[in-house]
Amino acid sequence: GENVEQHPSTLSVQEGDSAVIKCTYSDSASNYFPWYKQELGKRPQLIIDIRSNVGEKKDQRIAVTLNKTAKHFSLHITETQPEDSAVYFCAANYGQNFVFGPGTRLSVLP
Amino acid sequence: DAMVIQNPRYQVTQFGKPVTLSCSQTLNHNVMYWYQQKSSQAPKLLFHYYDKDFNNEADTPDNFQSRRPNTSFCFLDIRSPGLGDAAMYLCATSNSGFYNEQFFGPGTRLTVL
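Going down the list, the sequences are from chains D and S.
The first sequence: position 109 = 109 (the numbering used here), numbered continuously.
The second sequence: position 22 = 132 (the numbering used here), numbered continuously.
Here chain D stands alone, though its shape is the one from the complex (with noise of 0.2 Å):
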């Protein structure tokens, strides 16, 4: 089955810098990458996606890139903020379903 690996599991950055998230996943079959953020006692929120046929996809400050001959994809938030602050989980589909990322709890310090 698919395994899906996220690093790092904290991250703290300085309001304004950039911010990078790292997931590898194991079955070459995946071919959906969605990001969800999720805030304290609420629901994961989709923010960003990419699919196997594209190499790149940017939304404003947001940005996620696929290898998929490495089995990576990266999360980039560029120009941080503290609303930017929660934790993020990467994941990826196996059939029908989707095995998602540990997370990686992101602060962003005013």
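None of these hints come from the bench; they were simulated from the model.
Bear in mind the structure is a predicted one, so any value in this text is a computation, not a measurement.
It cannot be assumed that every hint is accurate.
To be verified - Below are the DSSO-like pairs computed for lysine-lysine, each with C-alpha atoms no more than 30 Å apart in a straight line:
no. : chain 1 : residue 1 : chain 2 : residue 2
1   : S       : Lys-127   : D       : Lys-37
2   : D       : Lys-37    : S       : Lys-154
3   : D       : Lys-58    : D       : Lys-71
4   : D       : Lys-37    : D       : Lys-68
5   : S       : Lys-127   : S       : Lys-148
6   : S       : Lys-127   : D       : Lys-57
7   : D       : Lys-71    : S       : Lys-154
8   : S       : Lys-127   : D       : Lys-71
9   : D       : Lys-22    : S       : Lys-154
10  : S       : Lys-162   : D       : Lys-42
11  : D       : Lys-58    : S       : Lys-154
12  : S       : Lys-154   : D       : Lys-68
13  : S       : Lys-148   : D       : Lys-37
14  : D       : Lys-22    : D       : Lys-57
15  : S       : Lys-154   : D       : Lys-57
16  : S       : Lys-148   : D       : Lys-22
17  : D       : Lys-42    : S       : Lys-154
Fit chain S to the supplied structure of chain D, relying on the hints for placement.
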């Protein structure tokens, strides 16, 4: 607005007392999922329905059961809750297909006394 709804948002039960959590959707998605999420951990898939077909994860305890009486509704039954079952339970839906985005409900936080 099309959405995924979970009831109740908070549920308190006693050790060993059966409890049912509810999920409904207006998205007309054919796949529905139940996840368990404990504090500071990733959501863990318990099972999913692809239309009427039930798919159980291998490590989901027998204590957890599910029903999907129609496309819109899905229920999670915990037959004899233990203290370790206290968690947030998330329902999600998606359409089957090549790139299947998931839509999450707000979750039900279960407390076991």
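Here is how each hint holds up against the structure:
1. S:Lys-127 / D:Lys-37: Status violated; Cα separation ~33 Å.
2. D:Lys-37 / S:Lys-154: holds, 16 Å
3. D:Lys-58 / D:Lys-71: Judged against 30 Å, a Cα distance of about 19 Å means the pair holds.
4. D:Lys-37 / D:Lys-68: holds, 23 Å
5. S:Lys-127 / S:Lys-148: Holds: Lys-127 of chain S and Lys-148 of chain S sit about 20 Å apart, inside 30 Å.
6. S:Lys-127 / D:Lys-57: This hinted pair is violated, its Cα atoms lying about 48 Å apart.
7. D:Lys-71 / S:Lys-154: holds, 22 Å
8. S:Lys-127 / D:Lys-71: Given that 30 Å is the threshold and the Cα spacing comes to 45 Å, the pair is violated.
9. D:Lys-22 / S:Lys-154: holds, 20 Å
10. S:Lys-162 / D:Lys-42: Holds, because 29 Å separates the two Cα atoms, which is no more than 30 Å.
11. D:Lys-58 / S:Lys-154: holds, 28 Å
12. S:Lys-154 / D:Lys-68: Since the Cα atoms of Lys-154 of chain S and Lys-68 of chain D sit roughly 25 Å apart, the hinted pair holds (cutoff 30 Å).
13. S:Lys-148 / D:Lys-37: holds, 16 Å
14. D:Lys-22 / D:Lys-57: Distance of about 15 Å is within 30 Å: holds.
15. S:Lys-154 / D:Lys-57: holds, 27 Å
16. S:Lys-148 / D:Lys-22: Judged against 30 Å, a Cα distance of about 22 Å means the pair holds.
17. D:Lys-42 / S:Lys-154: Given pair Lys-42 of chain D, Lys-154 of chain S holds - Cα atoms ~16 Å apart, limit 30 Å.
Going down the numbered hints, you'll see the structure goes against 1, 6 and 8, while the others check out.
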